[in-house]
Amino acid sequence: MAEQITKQEAVRRALKAMGRKATPSQMQPYIKENFGIEMSTDHISTSKGIILHPKKKGGKGKGAKKPAAQGAAATEREAKEGVGRKVVVQHKSAPARRGKEAGHPLGDILHVKGLVGRFGPHQLHTLIDAFVK
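Position in the sequence shown (first residue = 1) + 255 = my numbering.
In short, the hints are calculated from the structure, not lab data.
The reader is advised that the hints may include incorrect statements.
With a straight-line cut-off of 27 Å between C-alpha atoms, the simulated DSS-like cross-links for lysine-lysine are [what the hints assert, rightly or not]: (1) K271 / K287; (2) K271 / K303; (3) K262 / K276; (4) K310 / K276; (5) K287 / K303; (6) K262 / K310; (7) K388 / K368; (8) K303 / K262; (9) K276 / K287; (10) K276 / K303; (11) K271 / K310; (12) K287 / K262.
Take the sequences, apply the hints, and build the full model.
This is the structure we're talking about:
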């Protein structure tokens, strides 16, 4: 009977055999052939990230982020990378100080940054110009 291993362990073994530069699409057939495990390239990519960068995932190590910081960091990373998911950021406006208008809330800034990442600066500039005219 074949040894039963987890998907995470299959990715770990594939990385050991193929090297850390192996792409998920290269690892997918190797995992299927050698371990009989069917995995999507997205799942392999996620597992590979957890294996290669364990400090970024939870409470292990000195540099581990606290749970509240993880959500903010993920939202900022998604905005920076222009992840194609729709992210809804709810926020309260910053209170005005001494009669001055409040500044731009971080959520608005991250939303614009996400739009630039998704559409590119030129297309977003064209869209903004259309509203200004």
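Tested hints:
1. Simply put, K271 and K287 have alpha-carbon atoms about 16 Å apart, close enough for the 27 Å limit, and the pair holds.
2. Note on K271 and K303: the hinted pairing holds, with a Cα-Cα distance of about 11 Å set against a maximum of 27 Å.
3. Restraint check: the Cα-Cα separation between K262 and K276 comes to about 19 Å, which is no more than 27 Å; the hinted pair holds.
4. Between K310 and K276, the direct Cα distance comes to roughly 19 Å. Compliance with the 27 Å bound is thereby established for this hinted pair.
5. Of the pairs offered as hints, the one joining K287 and K303 holds, with about 16 Å between alpha carbons and a cut-off of 27 Å not exceeded.
6. Between K262 and K310 the CA atoms are separated by roughly 20 Å; this keeps the pair inside 27 Å, and the hint holds.
7. For the suggested pair K388 and K368, the alpha carbons sit about 23 Å apart, so the restraint of at most 27 Å is met.
8. Between K303 and K262, the direct Cα distance comes to roughly 11 Å. Compliance with the 27 Å bound is thereby established for this hinted pair.
9. With a CA separation close to 19 Å, the supplied pair K276 and K287 stays within the 27 Å bound.
10. Distance hint between K276 and K303 is fulfilled; the C-alpha atoms sit about 10 Å from each other, no more than 27 Å.
11. For the hint linking K271 to K310, the alpha-carbon distance of about 19 Å falls within 27 Å, and the restraint holds.
12. For the given pair, K287 sits about 10 Å from K262 by alpha-carbon distance, which is consistent with the 27 Å threshold.
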